[in-house]
Amino acid sequence: MLQVRSSLDVADNTGAKIAWNIGVLGRNQRYAGIGDVIKVHIKEATPDGSVKKGEVHDAVVVRTGRSSAAPTAPTCALRAMPV
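For the sequence shown, our numbering gives the first residue as 20, with consecutive numbering after it.
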């Protein structure tokens, strides 16, 4: 579960490294889980990337720090929370 103002690791090739969650889209809720669309603020980015520091974008949560168990998959626990 991600809260507002959570620091996130970005898991794509846009050049962003670290982003902050600034809101959950689609519902009036404080927390976001896997598959939810969130609004992020880019805090750190590479100089040659397509996104720059300070920009605001939409993102999808693909992994969380909380362990998740599926009936057909082993349990997975991560420390960082990529988007």
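Calculated directly from the structure, the hints in this document are not laboratory data.
Heads up, some of the hints might be wrong.
Unchecked claim - When the alpha-carbon atoms are kept at most 20 angstroms apart in a straight line, the in silico SDA-like pairs for lysine to any residue are as follows:
no., residue 1, residue 2
1, LYS72, ASN47
2, LYS72, GLY52
3, LYS72, ARG46
4, LYS71, GLN22
5, LYS71, GLY84
6, LYS71, ARG46
7, LYS58, ASP77
8, LYS58, VAL23
9, LYS71, MET20
10, LYS71, GLN48
11, LYS36, ARG49
12, LYS71, ASN47
Remember, predicted model here, so these are calculated numbers, not experimental data.
Violating hint indices (sorted, rising): Going through the list in order, the structure violates hints 1, 2, 3, 4, 5, 6, 9, 10, 11, 12 and respects the others.
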